[in-house]
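When you get a sec, could you build the whole thing from the sequences and use the hints?
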Amino acid sequence: EFWPDDFFAGDQSQSDLLVVVWPRQSLGRSPLQKCMLQLQDGTAAFERERGLVLVSCRGCQNYDNLINLWKLNDKDLPLAMLFPMQQEFGDLGRFRLDLVGVEDPLAGMRTFLRQFDAGKLEPWVSSQPPPGEDEQGLVREVVGSTYRQ
2 EFWPDDFFAG DQSQSDLLVV VWPRQSLGRS PLQKCMLQLQ DGTAAFERER GLVLVSCRGC
62 QNYDNLINLW KLNDKDLPLA MLFPMQQEFG DLGRFRLDLV GVEDPLAGMR TFLRQFDAGK
122 LEPWVSSQPP PGEDEQGLVR EVVGSTYRQ
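Position 146 of the sequence shown, counting from 1, maps to 147 under this note's numbering, and the rest follow consecutively.
If you're looking for bench data, these hints aren't it; they were derived computationally from the structure.
If you're wondering where the values come from, they're calculated on a predicted model, not measured in any experiment.
Restraint ranges, calculated between C-beta atoms of paired labels, are given here:
1. R30 to R51: 27 to 33 Å
2. G133 to R51: 37 to 43 Å
3. V101 to K121: 18 to 24 Å
4. D99 to N69: 16 to 22 Å
5. M86 to S31: 25 to 31 Å
6. G102 to K72: 19 to 25 Å
7. D42 to V126: 30 to 36 Å
8. D92 to L53: 15 to 21 Å
9. D118 to S31: 24 to 30 Å
10. T44 to N69: 32 to 38 Å
Note that CB positions come from ideal geometry on N, CA and C, so glycine has one too.
What follows is the structure, given as structure tokens:
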């Protein structure tokens, strides 16, 4: 069960938070469910220097709040959001891993976490699509994903 107040409170600098959000109606034992169990019980054959707190939200009490806060819809799910140092709005940002249609989610999560640990991922920002160059006039339109540019 995902309770934001429990995970985004205090100094959590020794570990990162990985929140996996599932479609509300998902059923059965999927490859993603198996992946989550392997990551939780340590049988995923994956190690990292920092700790990883793993949380799953499948129709949890805060499901609608997460969907609204992260501007998600059903076609985006399942997905994983990584929060460095368990900070929801930390300086490092947050990172998104899309898991829709992924046949081997464990391999995808390992790659995602290794890329994050190596500093090779760009933070995810909820954003409208950037306007094309031909759509720009004298005033440049900025959206979330192009704000820092």
